[in-house]
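A.B. asks: Next come the chains, spelled out residue by residue.
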Amino acid sequence: MKTASELNTGNVNLHRRSFLRYAGAGIAGAGLLAVGASCHKDHNVTPSGTISLGTGDIGILNYAYALEQLEAAFYTQVVATPYSGMPSVELTFLTDIRDHEVCHRNFFKAALGASAIQSLSVNFSKIDFTSRTSVLTYAKAFEDLGVTAYDGVGYKIQNVAYLAIAGSIVSVEARHAALIGNLLQNGNFVSSDQVSTSNGLNVSNDPATVLATANTFLSAQTQVSANF
Amino acid sequence: MNLFGIIEEIEKIDPDFQDRINPRRDAIKNITSFGSKVAVAALPFALGSIFKKAYGAAASTTDVIGVLNFALTLEHLEAAFYNQGLGTSGLVTDSSYITPIQTDENNHVTFLTSVITSLGGTPVAANAAGYDFTAGGTFPTVFSNYQTFLAVAETLEDTGVRAYKGQAGTLAGNQTVLTAALSIHAVEARHASAIRYLRMSKYGVSIYPWITSPTASGSDVSGANSNDTGITAVNGNYGGATAENTTVQGGVNILTLASVESSSSTSVATATAAFDEPLTTNEVLALVTPFIK
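As they're listed, the protein sequences go chains A and B. Numbered per numbering that gives the first Met the number 0, the first sequence finishes at 227, counting up by one with no gaps. Numbered per numbering that gives the first Met the number 0, the second sequence finishes at 292, counting up by one with no gaps.
Please note that a few of the clues may not be correct.
Covered stretches of chain A (chain B as the covering partner; in silico rule of three or more C-beta atoms under 8 angstroms from a C-beta of chain B) [claimed, not checked]: (1) 147–160; (2) 211–224.
The following label-pair restraints were derived from C-beta to C-beta distances [stated by the list, open to error]: (3) Thr-116/B to Asp-205/A: 19 to 29 angstroms; (4) Val-88/A to Thr-133/B: 31 to 41 angstroms; (5) Ser-143/B to Val-88/A: 26 to 36 angstroms.
Keep in mind the hints are simulated off the structure, nothing from the lab. Ideal placement from N, C-alpha and C gives every residue a C-beta, glycine not left out.
Sequences and hints are given; from them, build the entire structure.
C.D. replies: In structure tokens:
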């Protein structure tokens with residue numbers, strides 16, 4: 000199966016709304032606490048449009064936040080412009096996944112507070128949102144990527160409270176990934192490109208590898224870099 | 000309360016704070032660098048207290064091996080379950096689902112056994128007296144009724160996910176072992192999702208690939224408000240100290256976050272499905288003991 004980065008449908012996507020420029024309207028969280036007015040040095044945005052995620056645990060949480068932003072944006076578009084002939088059961092699944100990713104995104108934004116990176120601009124020009132195959136192939140790619148990202152960065156997390164949070168989320172992403180795999184091809188919930196047939200472990204990836212792929216779905220102005 | 004913000008603020012004035020609440024600087028973080036091999040007696044299955052580790056204590060190699068043997072105990076159980084299911088003539092209809100799961104669980108047994116051995120530990124064996132997958136008569140038709148088999152599979156997978164999750168803190172910072180544990184945990188979640196999807200899509204069960212708790216309740220040790228399987232006998236597998244219907248994460252009340260539906264709230268269904276919750280070692284042992292002869 001082609002990876003998302005190899006797939007080139009050459010089709011124009013249906014809508015190019017900039018609704019993804021998310022200003023955070025209405026995010027209300029009981030946990031919001033202004034972390035002083037201190038300048039957080041990890042908010043550098045270099046002239047080339049690269050956003051540094053920061054270092055340490057905050058960098059890792061921003062890493063998760065960035066990936067959740069990407070997924071939330073993707074599924075928001077999918078549900079807003081459903082592919083041709085989308086069965087109602089698939090609409091239900093994809094709407095639920097959208098809601099989970101939006102929840103994850105909003106959670107990280109609330110929890111990070113002033114340490115959160117900005118809202119990212121996405122680039123989904125490769126994706127044909129009118130095509131079930133294109134949408135589900137990229138959905139699988141995003142979910143698989145998220146699982147490998149969380150699994151691959153977990154050991155770098157210093158605070159066990161954050162590790163627990165990451166743990167609570169990664170299994171849900173794996174549930175998503177398995178479902179999408181099954182929708183694409185019944186029984187393909189542990190595809191061999193993701194789960195080793197020799198030891199039964201899921202692939203894990205380091206941040207550089209993950210971001211190399213993630214950045215292909217982000218605008219030139221909001222490329223993400225990691226330093227942890 | 001913004002948990003992350005508070006910890007960050009404390010660190011500015013007390014850089015050693017992280018060490019005191021989680022002192023791993025002098026712990027063996029990457030056990031592949033562990034030199035001398037220590038012979039560790041096989042850890043008996045029932046000694047839950049041996050795995051117990053006070054929060055903040057460094058994870059010794061003994062602790063790490065303990066976690067791995069705990070995981071191996073569960074993998075032996077799951078492997079035996081699928082081996083017996085697939086070995087029961089005429090039971091399993093969907094081998095395209097069950098066979099890959101069986102393969103994975105058996106691979107997990109092999110993998111964990113080899114890791115424990117490489118650490119100088121003694122891997123636990125499959126239970127010598129065997130397993131009772133009726134769980135003491137709770138599921139009498141587990142190997143005669145395929146739908147019962149799938150229901151038990153679903154709960155075993157969901158429980159396995161929660162069990163691994165509960166061990167992550169002990170493995171914090173350990174590149175080799177934590178990454179492996181997280182990777183196995185992800186596969187168990189894939190299994191759980193697939194069994195749920197199979198039951199729903201082919202057999203009309205009202206269930207989703209994710210755990211969608213019916214009610215938020217603050218505390219739900221019994222799991223009655225968290226269990227979405229429709230099988231009350233497994234309420235406990237969805238409850239515990241951090242039940243599946245938990246809606247506060249890291250000090251953030253998920254129910255008050257903006258969602259697509261509302262600028263000021265998130266539904267219980269979304270909030271509970273978006274996060275899976277851990278089970279402690281002792282909670283898991285209590286849940287699986289009925290399966291162990």
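A.B. asks: Does each hint hold? Answer for all of them.
C.D. replies: Against the structure, the hints:
Interface restraint, the region 147–160 of chain A with chain B: holds (10 residues with C-beta to C-beta distance below 8 angstroms; minimum three). Residues of the region 211–224 of chain A with a Cβ under 8 angstroms from some Cβ of chain B number 0, which does not satisfy the need for three, so the listed coverage is violated. A beta carbon spacing of about 27 angstroms between Thr-116/B and Asp-205/A agrees with the range 19 to 29 angstroms that was offered as a hint. The given range of 31 to 41 angstroms is respected by Val-88/A and Thr-133/B, whose C-beta atoms sit roughly 33 angstroms from each other.
A C-beta distance of roughly 30 angstroms is found between Ser-143/B and Val-88/A, which places it inside the suggested range of 26 to 36 angstroms.
In the structure shown, a violation is registered for the earlier hint numbered 2 alone.
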